[in-house]
Amino acid sequence: MSAISIIARLTFREAIRRRIMLAGLVLGIAFVILFSIGTHFIFGQIAADTVANMPSQMAADIMIAESTNTFMMMGLYAATFLSIAMAALLGADTLAGEINSGTIQTIATKPIRRADVVLGKWLGFAELLGLYVMLLCGGIVLSTFIQSGYIPQNLLIGLGLIYMESILIMTITLMLSAAFPALATGGIVFGLYGLAFIGGWVEQFGALLQNDTAIKVGITTSLIIPSESLWRRAAFEMQAPLTGTFGSPFTTTSVPSPLMMGYTFLYLIVVLFIAVRIFQRRDL
Amino acid sequence: MPDAIETQNLRKVFGDYAAVKGLTLQVQQGEVFGFLGPNGAGKTTSMKMLLGLIAPTSGEASLLGKPIGNREAMQRVGFLPEHFRFQEWLTADEFLLLHGQLLGMKKDDLQLRRDELLERVGLTPFRNKHLRTFSKGMLQRVGLAQALLNRPALVFLDEPTSGLDPVGRRLVRDVIREVRAQGTSVFLNSHLLSEIEVTCDRVAFIQHGEVVRVLELASLSNDQTSVTIRVSNLAAESLNGLSQWGREIQMDGELIHMIVPNDTVLPEVTRYLVSQNVEVYSITPNRMSLEDIFIETVGKDGGL
Numbered sequence: 001m002s003a004i005s006i007i008a009r010l011t012f013r014e015a016i017r018r019r020i021m022l023a024g025l026v027l028g029i030a031f032v033i034l035f036s037i038g039t040h041f042i043f044g045q046i047a048a049d050t051v052a053n054m055p056s057q058m059a060a061d062i063m064i065a066e067s068t069n070t071f072m073m074m075g076l077y078a079a080t081f082l083s084i085a086m087a088a089l090l091g092a093d094t095l096a097g098e099i100n101s102g103t104i105q106t107i108a109t110k111p112i113r114r115a116d117v118v119l120g121k122w123l124g125f126a127e128l129l130g131l132y133v134m135l136l137c138g139g140i141v142l143s144t145f146i147q148s149g150y151i152p153q154n155l156l157i158g159l160g161l162i163y164m165e166s167i168l169i170m171t172i173t174l175m176l177s178a179a180f181p182a183l184a185t186g187g188i189v190f191g192l193y194g195l196a197f198i199g200g201w202v203e204q205f206g207a208l209l210q211n212d213t214a215i216k217v218g219i220t221t222s223l224i225i226p227s228e229s230l231w232r233r234a235a236f237e238m239q240a241p242l243t244g245t246f247g248s249p250f251t252t253t254s255v256p257s258p259l260m261m262g263y264t265f266l267y268l269i270v271v272l273f274i275a276v277r278i279f280q281r282r283d284l
Numbered sequence: 001m002p003d004a005i006e007t008q009n010l011r012k013v014f015g016d017y018a019a020v021k022g023l024t025l026q027v028q029q030g031e032v033f034g035f036l037g038p039n040g041a042g043k044t045t046s047m048k049m050l051l052g053l054i055a056p057t058s059g060e061a062s063l064l065g066k067p068i069g070n071r072e073a074m075q076r077v078g079f080l081p082e083h084f085r086f087q088e089w090l091t092a093d094e095f096l097l098l099h100g101q102l103l104g105m106k107k108d109d110l111q112l113r114r115d116e117l118l119e120r121v122g123l124t125p126f127r128n129k130h131l132r133t134f135s136k137g138m139l140q141r142v143g144l145a146q147a148l149l150n151r152p153a154l155v156f157l158d159e160p161t162s163g164l165d166p167v168g169r170r171l172v173r174d175v176i177r178e179v180r181a182q183g184t185s186v187f188l189n190s191h192l193l194s195e196i197e198v199t200c201d202r203v204a205f206i207q208h209g210e211v212v213r214v215l216e217l218a219s220l221s222n223d224q225t226s227v228t229i230r231v232s233n234l235a236a237e238s239l240n241g242l243s244q245w246g247r248e249i250q251m252d253g254e255l256i257h258m259i260v261p262n263d264t265v266l267p268e269v270t271r272y273l274v275s276q277n278v279e280v281y282s283i284t285p286n287r288m289s290l291e292d293i294f295i296e297t298v299g300k301d302g303g304l
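Here the protein sequences come in this chain order: A and C. Using the working numbering, you'd call the opening residue of the first sequence number 1 and step up by one each time. Using the working numbering, you'd call the opening residue of the second sequence number 1 and step up by one each time.
Please keep in mind that the hints were generated in silico from the structure rather than gathered at the bench. Don't take each hint at face value.
Taking CB as the label site, the calculated pair distances span [stated by the list, open to error]: (1) C:TRP89 <-> A:GLN210: 48 to 58 Å; (2) C:PHE14 <-> A:VAL270: 49 to 59 Å; (3) A:ILE269 <-> C:GLY183: 42 to 52 Å; (4) C:HIS191 <-> A:GLY130: 46 to 56 Å; (5) A:ARG277 <-> C:ASN70: 19 to 29 Å; (6) C:ARG173 <-> A:ILE269: 45 to 55 Å; (7) C:HIS130 <-> A:GLY130: 46 to 56 Å; (8) C:VAL198 <-> A:ILE269: 49 to 59 Å; (9) A:PHE273 <-> C:PHE14: 24 to 34 Å.
Quick caveat: nothing in here was measured; it's all calculated off a predicted structure. Quick reminder that beta carbons are idealized off the backbone N, C-alpha and C, glycines included.
Start from the sequences, fold in the hints, and give me the full structure.
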């Protein structure tokens, strides 16, 4: 068994043993249940109102699909936020904490590369986040489908992008954790996330008002920290045709280009590479 | 056979503070080497450099003939860190399996070795307990087992007896003797001088990040003995006559203190005193302990 997979398994097992996964699972299930209860009543009300007010059954169906999509996107937006928080929580203490406590010393003096430690942890967290995103987002999509029979377009691409956003945040956290104490790492990650969030809004409103400067500010923010652009691309992929004309955080008016997605992927690789480099050079 | 450890002018500077100024030493294969020095002398930093945890600012070092950090060499090295904390959510069994896997050990050999070592350190009844429930002494024992999993050619022990009761200390001492008998070199960092005295072949005294003295401990027992003689009726010229057997002769009431090259001169000293009509009540050789040498080497202030 390679050193990377030993560390990955250790990381995975640690999250389970230390009840992080249990907490995530319980809260995740609670989240999906709450969403289901809420939408159960809302969907029922909307269906009744729409059919009563619309001139034809076809128009009513379109309106129902649109509003169902909006509520599903709301749920997915919240799920994305929770996945990002989970990504930051998992990554913040990992290298920093083990360097601080000295746990890393018996690991790093084994005949393995330091890169194996970082990549193994990354892989372990990526697996955990995969399960978490699947539980949260999968739960919302499934709940919506069971209640209304609605399936959004480009579902797998959309969920893939949401998953990638959590991976991106986890990778940035891991990189910072190789250099800074856990608390500082957590603080910086949420600061960066806030930056990306505001940048995203500026760009959205810029697009609505057709203000080029605002759009450029948003794009620049996305270049610095491209996490929010992944959500916006995911939202664009899955949103219903009409919804895109309204601005809200759950929908997208200014769509990040495929080029931006390529940039984000490259960004992720570079951050992971830097994380390895920092850890390789660090005195333990 | 290459030396177990060889360093040339190893140096580590943190900012403008040189924690290790220039460490030059050799540890031979199969010897138990003690690393002594006051707090803050750079012992742990030196050890971490040898283990590849800290990058030296300058200088060179090799373990088992390979440059430091070499993975082939690390496959044959064991390490028990000071104040270690391990993955406390693992059981003792899982913990040893994890570290054996990281060492690249084969499954069958690893299981055999794990069982053997758990038995040796007396933890077999606790093998399925989580490390978080372990006492400090039990953790030290499982850490020791971890350091010996790969039957290392060289093992680093950083304060291995800290937190251990007398039984545990005896265990560590016995284990050091056993691995030495199998040809393993031991690099022992300890501030417990009595511990070093009974286990080590050689010791290096380190102060301000430099080796100030290397001592063979086998020679300690028969040279440089200080003697205390209780007498009465001693004339001044009789006292002076003692200088043919020893030095630093001092009179303190009824007591004569002197340092003799070895204890074989003591009968002659006794005969001489009796022939001078001196009443001799007792004659007590005080073997110069490692502690005396330590204080003599680093000074009473510990080199602060």
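Comparing the hints with the structure gives:
1. C:TRP89 <-> A:GLN210: 48 to 58 Å: 55 Å, holds
2. C:PHE14 <-> A:VAL270: 49 to 59 Å: For VAL270 (chain A) against PHE14 (chain C), whose Cβ atoms are near 30 Å apart, the range 49 to 59 Å is violated.
3. A:ILE269 <-> C:GLY183: 42 to 52 Å: 47 Å, holds
4. C:HIS191 <-> A:GLY130: 46 to 56 Å: 49 Å, holds
5. A:ARG277 <-> C:ASN70: 19 to 29 Å: 20 Å, holds
6. C:ARG173 <-> A:ILE269: 45 to 55 Å: 52 Å, holds
7. C:HIS130 <-> A:GLY130: 46 to 56 Å: Since the Cβ atoms of HIS130 (chain C) and GLY130 (chain A) sit about 27 Å apart, the hinted range of 46 to 56 Å is violated.
8. C:VAL198 <-> A:ILE269: 49 to 59 Å: 56 Å, holds
9. A:PHE273 <-> C:PHE14: 24 to 34 Å: With a Cβ separation near 27 Å, PHE273 (chain A) and PHE14 (chain C) satisfy 24 to 34 Å, so the hint holds.
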